[in-house]
Amino acid sequence: MSNNDFSALMPLMVLAGASVLVMLLIVARLSHRIIQLVSLLLFVVAFISLLNIRGMLPYEVGSLFMIDSFGAFMTGLIIFSGLVVNVFSYIYFQEKEEGPKEYYVLLFLCTLGACVLAQSEHFVSVFLGLEILTIGLYALIAYLRTRNHSIEAGIKYLVLAAFSSAFLLFGMALVYLQTGTMSFAGMAGVVAADNVPPLLITGLGLMLVGLGFKLAVVPFHMWTADVYQGAPVPVTTFIATASKGGVVAAMLRFFIAIDGFRSEPLQMVMITIAIASMVAGNLLALRQKNIKRLLAYSSIAHLGYLLVAFIPGSAVVPQAVSFYLLTYFITTFAAFGVITILSDSESDAEDLDRYKALFWKHPALASILAVAMFSLAGIPLTAGFTGKFYVLTTGIGQGFWLLAVVLVLSSVVGLYYYLRVVTTLFAGTRDLLPDPPAKYPVFLGISMAVLSILTFVLIWLGVYPDSVIGVVQGLQLK
Amino acid sequence: MMLVLLITVLMVGAVAAVVAGEWNRHLPRWIALLASAAGLLLVILLWAGTSPHSVTDGQWLMDYRKEWIPSFGITFHLAVDGLSLLLLALTFFLGVLAVLCSWDEVRERTGFYYFNLLWILAGVAGVFMALDMFLFYFFWEVMLIPMYFLIGIWGSENRVYAAYKFFIFTQASGLLMFLAILGLYFIHGRDTGIYTFGYFELVETVIPFKTAFWLMSGFMIAFAVKLPVFPFHTWLPDAHGEAPTAGSLILAGLLLKTGAYGMLRFVVPMFPEVVTDVAVPAMVLGVAGIVYGAVMAYSQTDLKRLVAFTSVSHMGFVITGIFALNELALQGVVMQLVTHALSTGALFLMAGMIKERLHTRDIGQMGGLWGPMPQMGTIGLVFAMASLGLPGLGNFVAEFLILLGVFQAQPWITVAAASGLIFSAVYSLRIVGKIFLGPRKTMEAVPDFSFREMLIMAVLTVSVVWLGLFPQPVIDTARPAITELIRFMDVHSNASHHQSYVK
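These protein sequence lines are chains P and F, in that order.
This note's numbering puts the first sequence at residues 557 to 1034.
This note's numbering puts the second sequence at residues 697 to 1199.
In short, the hints are calculated from the structure, not lab data.
Any given hint could be a false lead.
Facing chain P, from chain F, some residues (calculated, C-beta under 7 Å) [to be verified]:
#1 Ile765
#2 Ser767
#3 Phe834
#4 Glu837
#5 Ile849
#6 Val856
#7 Ile864
#8 Gln867
#9 Ala868
#10 Leu871
#11 Leu875
#12 Leu878
#13 Phe882
Pair by pair, the computed Cβ-Cβ distance ranges are [what the hints assert, rightly or not]:
#14 P:Gln823 x F:Val902: 30 to 38 Å
#15 F:Met697 x P:Gly618: 53 to 61 Å
#16 F:Glu804 x P:Phe719: 53 to 61 Å
#17 P:Val961 x F:Val976: 22 to 30 Å
#18 F:Glu804 x P:Asp909: 20 to 28 Å
#19 P:Asp815 x F:Val700: 46 to 54 Å
#20 P:Val600 x F:Ser767: 24 to 32 Å
#21 F:Ser767 x P:Ser619: 30 to 38 Å
Heads up, simulated SDA-like pairs for lysine to any residue below, C-alpha to C-alpha not over 25 Å straight-line [what the hints assert, rightly or not]:
#22 P:Lys912 x P:Val1006
#23 F:Lys861 x P:Ser923
#24 P:Lys917 x F:Ile849
C-beta: ideal position from N, C-alpha, C; glycine also.
Required output: the full structure, derived from the provided sequences and hints.
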């Protein structure tokens, strides 16, 4: 391994090393507070090491990893997700009965898995990354092991994820059988050929099933709501963002390498999945009274929107996908951040009724949640709108009018439940009971600061997105 | 720069109001009054600065352009012509009145209330000035959320339902318009290689007829919901009925006008051929709206819903006039936009004042109010007369011009539309009769106008009489925009007809 390889892989190694380091700190019986702060620092270090390799992109390590600007952007996004989740974790876990310390080890491992996915250009590294990510998540989801919902969610995720990994592996095997290679580069153009062997299409289809499970698109979405509800809120945040981001990045890289957009049957399947996700996600969310479940269904719909930017296969697709993921991540952080802060030791703040009159009690938190909801609904002045605009232009630019129209109509349905959350925030009147004083003023302060910054970015991306669009337009896939 | 200032003064005022609301309950209303009055002053200065000569020279009086998102060809482009100027003046005028009429009505959460109020005004002002389609859509949506809050938080009993309905109707139709904008963007980009959302570029796009029909439908549905055109009006009675007084005033006076403005500014010049083709069905819908609105208004027992349905009826005239596509009718449309805002706004204000006194909107519980409130009775009579189109008041000029113009295009439609004048007489007289005349239903003491209310109503009365007797300034201001529109229509529909012969 050359020096350059070493520094190109630095972010991944920092994450891997961090998990070991945190484990040692746990052995040294340090307090939760110190471990939390050290993890925070390590995330920042990982992020900085990523910034350091900007100059050497694109860079290939062996035939497993390709670190190009798109991969680096996605890696940055994932590490940032880990960082934000880490910030929100202290308040959430400090009050829980279980020792919260091992949680950070798993968080680092999951982040590592997602980052590996974002940079992999080989079946082996894809599978490796996916398994590191998923196995960490099994434990994270069931982390609060005395609660029924958590256990249920953990088991559900375990069974389904193992199942989908099997699909993915079998698909990979079939593709390997036909192409004789496992690296993306070696498969270039196999799908665009005149007569594609049916086994190859079957293989790709099976892989799509496996990836579809991880992305929670219809019809592979059954686990989503239960897992979102059962998992601890910070973990839900992670599942909604980093874990999906990694898979999307790997999938995009794979599709671009094999030029899968040109294959009619694949395209038809993807269009069906996209439409089904947008419609079903939004319809299922309508009657939810639990905000975590509501956001779960909303995430299904949003992955459907993302596919609208994915399917056209034009040159703007990586930009649109990256930008949409960026806006979606930030919005999701803001929404789940508020839920985390409002949760207490007994239960998560998941019942919508708990948000009644929040605006008159905690104007700041309620405003942040309202902005996040508007952004999810895609209303101008928020990042969600710019993201949706990018997606729509990508779709319509290649003439995918059906997808665009379905996107618009289903997001009108979506408006209804986002507005319901907002209406709840403003309903009722201020009750005069004083709130109990905040228990962890320092960490609450940090969390609030992060939330405020996220909200500011949400609005900034909605009002003046040009600089970020410029960055995204510079992204390249090698 | 002045145009940007118009919007910023409102937005800054809005933020200042919400901040000040944390300290003092009464401060926000003063800030709101100051901001909207400053805006009004700016518009008046702008209007005064454009002498009649400069108006006749070119259509555009003032222009401001700045890059916004260059990677997508989006500019921050504001410009004002006579039409925009009139509607802007209306916006700020009604804005000041809206602040004044909420003065005592809104007692809780005042900071957030005035924030929403000013934010709506900023959105509306932006809509009237934006000449970049993306920017237009942006402002179009900006005014929705605060209106949603205004209805949903400060409205009456059924407010949540009304707020939802308003938001989902307008947002759904707005998104369809956004799709049409994107379609136009890509067609223009493919043809010319320049991807831009600029109005002046897009308006020149040559669109295949069939595509043009779909794109126009996208625009039209947004504007038809907002105006509203029968049968897209069902959100309106709920929203108007449940909104607080200022909300109803702004809805009727400004938000409906953005629909008409959109048709005049975008639909007609961008799709001249399709517009000519669908003119008759559109006018028939307009007439249906006139008659339907009037009949429904007659059968309402809720005063605010009644006035809301009269809006449907009056807006029927607007859509009929727009699709008559001649100068006379379009002048009438502009006039109708202004006078309807004044007369219906006044009726909503009055409904609000009565509700403050009697705590009901049910006409059945009113009656005989002329006795205790002779001033309100007189003014009520004036605006009922305005609403039925009595000569000497502004609405008469407007509806008369529209009917004249429509007669040139479609005489039989005019006959049907003119029946609206009779219907309006029926419901207007019913308003006066049921509320002010007859035996008194309640024996509560009801005070007459306070000084503030008197001031609001006096200003409105003077304006509507002035427009009735001397409408020329409005007509002169709007003329360049309208003649330009007609000329543009002629050139383009002829050119394209010519093309089709060649092929």
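These are the hints, each one checked on the structure:
1. Ile765: holds, 5 Å
2. Ser767: It holds, given that the least Cβ distance between Ser767 (chain F) and chain P is near 5 Å, below 7 Å.
3. Phe834: Status holds, d = 5 Å.
4. Glu837: Since the shortest Cβ distance to chain P is 4 Å, the answer is holds.
5. Ile849: holds, 5 Å
6. Val856: holds, 6 Å
7. Ile864: holds, 6 Å
8. Gln867: With a closest approach of 6 Å, the Gln867 (chain F) hint holds.
9. Ala868: holds, 4 Å
10. Leu871: holds, 4 Å
11. Leu875: Cβ of Leu875 (chain F) sits 6 Å from chain P, so the hint holds.
12. Leu878: holds, 5 Å
13. Phe882: Check passed: Cβ of Phe882 (chain F) comes within 6 Å of chain P, closer than 7 Å.
14. P:Gln823 x F:Val902: 30 to 38 Å: holds, 31 Å
15. F:Met697 x P:Gly618: 53 to 61 Å: holds, 58 Å
16. F:Glu804 x P:Phe719: 53 to 61 Å: holds, 55 Å
17. P:Val961 x F:Val976: 22 to 30 Å: Since the Cβ atoms of Val961 (chain P) and Val976 (chain F) sit about 28 Å apart, the hinted range of 22 to 30 Å holds.
18. F:Glu804 x P:Asp909: 20 to 28 Å: Given a distance of about 22 Å, which is inside 20 to 28 Å, the answer is holds.
19. P:Asp815 x F:Val700: 46 to 54 Å: Hint holds: Cβ distance 47 Å, inside 46 to 54 Å.
20. P:Val600 x F:Ser767: 24 to 32 Å: holds, 31 Å
21. F:Ser767 x P:Ser619: 30 to 38 Å: holds, 34 Å
22. P:Lys912 x P:Val1006: Holds: Lys912 (chain P) and Val1006 (chain P) sit about 24 Å apart, inside 25 Å.
23. F:Lys861 x P:Ser923: The hint holds at about 22 Å.
24. P:Lys917 x F:Ile849: holds, 15 Å
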